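Student: Order-wise, the sequence lines are chains G and S. If you read the first sequence in the numbering used here, its first letter stands for residue 1, the second for the next number, and so on. If you read the second sequence in the numbering used here, its first letter stands for residue 1, the second for the next number, and so on.
Bear in mind the hints are in silico, worked out from the structure with no lab data behind them. Do not rely on the hints blindly, as some may be mistaken.
[As the list claims (entries may be wrong)] Below, a list of computed lysine-lysine pairs in the DSSO-like style, where the Cα atoms sit at most 30 Å apart:
hint: 1; chain 1: G; residue 1: K364; chain 2: S; residue 2: K129
hint: 2; chain 1: G; residue 1: K248; chain 2: G; residue 2: K131
hint: 3; chain 1: G; residue 1: K131; chain 2: S; residue 2: K129
hint: 4; chain 1: G; residue 1: K406; chain 2: S; residue 2: K162
hint: 5; chain 1: S; residue 1: K129; chain 2: G; residue 2: K68
hint: 6; chain 1: G; residue 1: K76; chain 2: S; residue 2: K129
This structure is a prediction, so every number in the text was calculated from the model and none was measured.
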Amino acid sequence: MKPDLMPNNQKPIAAKTKQKAKKKSSDRSLGYMLIAPSMILILIIAIWPVFQSFYYSMFDLRLNNPAKSEAYVSYKVNLQTYLDNYPFLISSLEDEVDEATGKTKTELEAIKTNLEKVDAELKSDGELSSKYDEIDEKLTVMEPISEELAVSDLDKEVALDLEKAVTDSSERLRELKGELQNPEDVIGLSASLKDSVITPNFIGLKHYKENLTDSRMWKAIQNTTVFTIISVFAELVIGLAIALLINKAFFGRGLVRATILIPWAIPTAVSAFMWKYLYDGQNGIVAKAFAEIGLFDQMTDMLTTSTGAMFAVIFADVWKTTPYMALLLLAGLQTIPSSLYEAAAIDGASKWKQFLKITLPLLKSSILVALLFRTLDAFRVFDLIYVLTGGGPANSTETISILAYKVMFAQTNFGEGSALSVIVFVCVAIISMIYIKFLGRDLLNDR
Amino acid sequence: MNKKAGPMFYVFLTLFVFLVMFPFLWVLASSIKPVAELFGDRAFIPFTNNMTGENYESVFVNYPFLKYLWNSLVVSTITTVYAVLVASFAAYAIARLNFKGKTVILGLVLSVSMFPQIATISPIYIVLKNLGLTNSYLGLIIPYTTFTLPLSIWLLVTFFRKIPFDLEEAAKMDGASPMQTYWRVILPLAIPGIFTTAILVFISAWNEFLFALTINTDDEFKTVPVGIAMFEGQFTIPWGEVTAATVIVTVPLVIMVLLFQRRIVSGLTSGAVKE
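In isolation and in its complexed conformation, chain G is listed as follows:
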């Protein structure tokens, strides 16, 4: 009997595990399929840019300079720029040679031969030569030329020869300026010709080295830290006080809740402009009130002195985000069972003791989560300061994000700006790591 039973018994079990395994694998493939679109988007739009920022930060990248507007690791030539200038330069030079006499004539002829020599060198490369002809043709019929066709790799030696020849001729032409018929023409053309040579703008970690020894960068880090610590601390204390006070049944709860949501919901840029009006040195009511209670000597001090401006920015931030903090903490408070307080009261614990021994320990994870989000938000602050003070007066409220923005978009120095933004990223990563260490894995586990 026994040997008979065994296989009979095993069969259904095997089938069941097989079914379970099948379900598990179908769950898995479905799961991966469902998360794929989100993961691909996040990878392309959020994660790739961070790496690309790091890559850009190692180049001397300037959007307003055609020869440095992209990250180049090798020598290249822009044949479009080259052919837009070279033939005209040569013909202008020929005209000048015809007009000139004596020493000037030989000088000009030497320049011309020199240029023609490197031109021949360029054309000696088979692939480059065919591109050369193609672009030349397109230019004569005024057809648009794609970036891919225009810019091509160049041998380092040829590139250096070309650069040297073009720079030399440009310099020598400038020296001969007084003796030429149309000096502007040839000098202008030779200067433009120089732009056709693209030298690698890879500079390694130079931007970081410069930034880390730059007092403006450290001042910005300091401003950001001061802003973050003071505003987040004030928000936590005031937010906790409000949460404790309104954690009871009262008439008009919904209305109060809606009121404290409004500062959170309004665009930061708009609220910043609103505060700029309230802080105004001539007609700002808040500036007047602060001056009258003696916080400032004069109304105008609010936005024109460095401490005044920092205070103004922090005050506006506290006004806008304390409600948010209070809401998060209130939700945490409501999860603490009231029976704990009742028991403590019976044991004769004072209110203060109850707060220290029950409320704070049980609220710890809510507080840490709220602090994490607020600290990171405060550290990358941009809108508020950009609109309210623009980083002024005298860079006293310039945070690291504002500095990075200014370097990138006002100075169009994308390489250095990217380096600064990578520094912001690293700071944010360090801050979150510290918090996560305190929070443990609580944040991600199934609830």
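The hints should help you fit chain S onto chain G, whose structure is shown.
Tutor: Relative to chain G, chain S alone:
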């Protein structure tokens, strides 16, 4: 919760609400004053005897404010719909299905939501510029994914987790495919959570500033926050128009917050509070 509120409490509460609302009330009072009364002695008197709507008129006549509102509406709506849709698939998988690497993925989503925008802006700007997408709606919708998608996934996961698992089991017993289970059982129950997520995502897209400031510099495509921030007169800041524009932007938000406050609070606190 069962503590009773005394009269002192209501005094405090009124004071608190007044302080929070004061900037808005002051701006509202200023917006209906004639421009002359915004300066000099009358600047600090909240009421005016010469109430006027000229500031409001000027906002629409002298500035393309309606265009800004429209741009913001288009960008935020499309962003919200597409982010919530894509995120709902991922959130469903993370919350309800069993597969390896879920925690890692959720951790990744959370970290991405903490990325400082400034760290992604240079490559995004250069790519959009090369694609000719600066000064277009798509030019904002694409980068807005960086913060709306992680936010949507994070919120939706917490909402999906709250739906009882028994229902899903029952549907499976009855032979429903995972897709059918999702459409027929989970989705109808998740609608309130999805709606809450959509409100929060919409607000975050509506309020975004840095991308809007750098990518859409043309008046034709500016959004409201950037539009207002750039309200500068030739010599001075046109405070009359600024206050009026602020009121125009705030009023719909106040209505929205009043209507949906319960949902917004539940969305803001979910994921941050253990229950």
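Student: Taking each numbered hint in turn, which are not upheld by the structure, reported in ascending numerical order?
Tutor: 1, 2 and 4
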